[in-house]
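Visitor: If you read the protein sequences in the order shown, they are chains A, B and C. Residues in the first sequence are numbered from 1 upward in steps of one, following our numbering. Residues in the second sequence are numbered from 1001 upward in steps of one, following our numbering. Residues in the third sequence are numbered from 2001 upward in steps of one, following our numbering.
Hints in this document: simulated from the structure, not taken from any laboratory. Mixed in with the good hints there might be a few duds.
What the hints assert, rightly or not - Distance windows between CB atoms, simulated:
(1) C:2231 to A:181: 29 to 37 Å
(2) B:1111 to A:119: 53 to 61 Å
(3) A:71 to B:1018: 26 to 34 Å
(4) B:1317 to A:254: 45 to 53 Å
(5) B:1194 to A:181: 53 to 61 Å
(6) A:67 to B:1317: 57 to 65 Å
(7) B:1194 to C:2231: 49 to 57 Å
(8) C:2248 to A:181: 35 to 43 Å
Heads up, the beta-carbon is just placed ideally off N, CA and C, and yes, glycines get one too.
Residue strings, one per chain:
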Amino acid sequence: MEIIVYGIINSITLSLISLGFTLVYSISRLPNFAHGALYITTGYIAWLFMNKFEGFPYPFAIFIAIAITCIIGALIYRFILIRIRGMEISEIIATYAIGLAILEGLRWGGLRGMTFTLPTFSAGSVNILGTNIDHQRLIVVGVGICTFILLYLFTHFNKIGLALRGIAQDERAAMMLGIDSDTTAIISLAIGSGLAGFAAVVLLPLGNIIVEAGYNVLIFAIAVCVIGGLGSWGGTILASFIIGFAQILTEAFLSSHYQMVVALLAIIITLLIKPSGIFGKQKELEERV
Amino acid sequence: MEMMRKERIDRGIKVRTEGIYAISSYREILYLMGPRLLLIVGVLVLPLFLELAPYWKRVVNIMFVYSLLALAFDFLANYVGLVCLGGAFFVGVGGYLSAIFNVYLHLPIYLSIPLATILGAFFCTLTVMPCLPLRGVYFAIVTLMYPLLATRVIEALNILGGTNGITGVDSFPHEYVEHYAIIVFMLLFLFGMRRFVNQDIGLVIRGVKDNDQAVRASGISVTYMKTLAVFIASFMCCFGGAYIAHLYMWAGLSLFALDFSIIPIASVVIGGGGTLVGAVIGSFILVPLSEFLRFFGTFRIVIYCAALTGFIVLKSEGLMVYLQRKYHQFERWVRV
Amino acid sequence: MGKGMKDNIIISIKGITKSFGGLKALMDVSFDVYEGEIYGIIGPNGSGKTTLINCITGFIRPDSGHVSFRGHDITHMPPHRIAHMGITRTFQIMRPYYSLPAFKNLIVPLWSPRARKTGGWRGGGKHGDRDTVAVDILEEIGFERDSRVPYKLASTLPTGYQKRLELARCIALRPEIIFCDEVFSGLSMSEIASMLPLIEKLKMDGITLIMVEHRLRELFRVADRVMALNFGEKIAEGYYSEVIEDKRVKEAYLGSEEV
């Protein structure tokens, strides 16, 4: 029972982490390797507001932190990525470098040790199916599910969301219909960064704000997205459940050392069997014609 | 209003030295050979000057190792089209293998390094092979995972000395052996690679980057060519790794560290991708720079990354292409 | 029909079916090609011509059906194995090896195992030799040897030359069958006029050509037999005069009249 409950929590955590990455890739074909850095940045900014200004309301700090991350994401596109769009190698290297710069800059700036924590939204725990779960984890599950639904509604029933989907499907056709590719890319990066930040404020109260978490988030996000098929929503959620449960199982029966190993092996095996991921688009047609 | 336009024209001496007549005068021979000789001689006499600054000896050795890694990255990225973000994996494999041969099997240093290089290259190629059908982002992502995976496996299984690493690896018998082992191999690999990419087989590999479909339609297995390319690149990196293990007399998890992946990439971007020499020049600039910046700790990486992004966005051709252009051409403003 | 034609089938396609998602790109397409003939495949846009070539040359796996080349089943072979047997193709979207000069583009096919096996040049692979062969082939296909054209970067060549380069890449492999995917499209009338003799010369050399074309008039000047595709189905086959008069072909090109 414990395994199922924790498996679900872990899976939703993973999909929260990776939604931002998927969103950016599916809309603007940009692999945002700075994802993990944005995640930590949000946590750090929220912490700054909480601790440097006395009595700053927590929800407000969160809101500002996410907003700043959105702006950072948009700025990254507007000033850097816009100039190298389409050059895959440069995109990867540039976003990776930005991410590294942010993370290592934060580490240099003093983000070390265990002193950086965000308070949980609500302390205490409840008993579900014979397992004790603290409120924060329940909130993670609830927020995660709400996010999926909201994103679905946004992309299917909102004008901007529909434009984003249009660009994702056929960039040229969408541009002919008056949808600007650069604007949508900025929006997608802003939303993607915002999602990373959102995941951060929900998840970080469960642990410490440390630089290593940024790397881990990036790796898990990539792992989930690659297994699910880059840019596929359904694939992302399915893959996060696969990895989520696989991790909980390894933790229960082997040891927690193997968590990362399982994720990495899962990637390699998936790519061996089906290079485009579980729900990857049919690459054949796309590339030949 | 006068419109002005910048015009680039080949220098006379460049045109004169294009054919066989280049050997007709010393000046023209010098024009062709000068830059190459400068590099070769400069690199060869460098250890002699290091007697004046003993502190820099180790830095210079590491610098040459990085230039090898950069060479390998440049080859893979700009001639084969495989962006390998996990160069550290190759380094680690080479280093650990060399340490295993030396410490566990008691092989002398002149056997352990070559064995580690060759077997390491085979091992790396075998492990990377499953990813070779992937391209672009996918390949980059997966190779990024490899060094991490290796680290976690070693940690989790607590093999090969676990987090402490393998200690007690033999050092080089003499300081000059230490210097020249890496210098000579770096030069060999550099000029060897420059030659290789213009051989017929090198052209086929470059064809894979430009259009792999056409290579397939020509009856050549793309996977085979990529395998070959990865073997060559990992060969260079494994040599670097084995060398480092003997230099530090230790092989540990830090051989899989991020530095070995990111600094070569930065060197290539700064030096100029696709020139091979640029990669070497780039690491000649970056590694001593990082030594100066040692004081800043991890802030070094921020500086690298800023430089990297700056170069990618603003001067994507890199230093080498820029220098080549200045050497061969002159510029002037003309009226339109 | 050409006089060099023998009556043996060189490649036989049986019941190729392929669908992408819900879209049926090819439905049960079968045809035989005789050795040494020029076989044309026509059809409106989106009728599955390129997909058919991709299926036969191994770039896409067909869902069902068989391709046999001289009696060998080649249906599920990878593209390079099929090319090694002597079946090569041009691509509709030309992408020469941009970073190489035009004649160096031919080094790739000349280096391939098939060319090394069948190639008749000295030494079988010395550096200089392959360059010479490459320039020879380019001259054959219409690049002037003494001009600078063969030595220019492939990316700087005009369309006509790039099309020729595509063909040259195929010839360098010494193939038995060449699939030409729209070699005439995008060319001017005079460029086509100079391409036609090349096609005829290839036929004289005994190479079987299967040509996918939009330019019907030019195709009919060289093709022995023609097949018409529409919405992934074969709707007609035979001499061009028969095919062009076929009611279903007319409908496919001009739209149905009885609406």
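Visitor: Is 53 to 61 Å respected by the C-beta to C-beta distance linking residue 1194 of chain B and residue 181 of chain A?
Guide: Since the Cβ atoms of residue 1194 of chain B and residue 181 of chain A sit about 39 Å apart, the hinted range of 53 to 61 Å is violated.
Visitor: Lying within 49 to 57 Å: is that true of the beta-carbon distance residue 1194 of chain B to residue 2231 of chain C?
Guide: Holds, at about 53 Å.
Visitor: Does the Cβ-Cβ separation between residue 2248 of chain C and residue 181 of chain A fall within 35 to 43 Å?
Guide: 42 Å, holds
Visitor: Evaluate the given range 29 to 37 Å for the C-beta pair formed by residue 2231 of chain C and residue 181 of chain A.
Guide: 33 Å, holds
Visitor: Between the beta carbons of residue 1317 of chain B and residue 254 of chain A, is the distance compatible with 45 to 53 Å?
Guide: Holds, at about 50 Å.
Visitor: Please check whether residue 1111 of chain B and residue 119 of chain A have a Cβ separation lying inside 53 to 61 Å.
Guide: 60 Å, holds
Visitor: Between residue 67 of chain A and residue 1317 of chain B, is the Cβ distance one that fits in 57 to 65 Å?
Guide: 38 Å, violated
Visitor: Quick one: are residue 71 of chain A and residue 1018 of chain B within 26 to 34 Å, going by C-beta?
Guide: 53 Å, violated
Violation of the numbered hints given earlier is confined to hints 3, 5 and 6; the remaining hints are satisfied by the structure.
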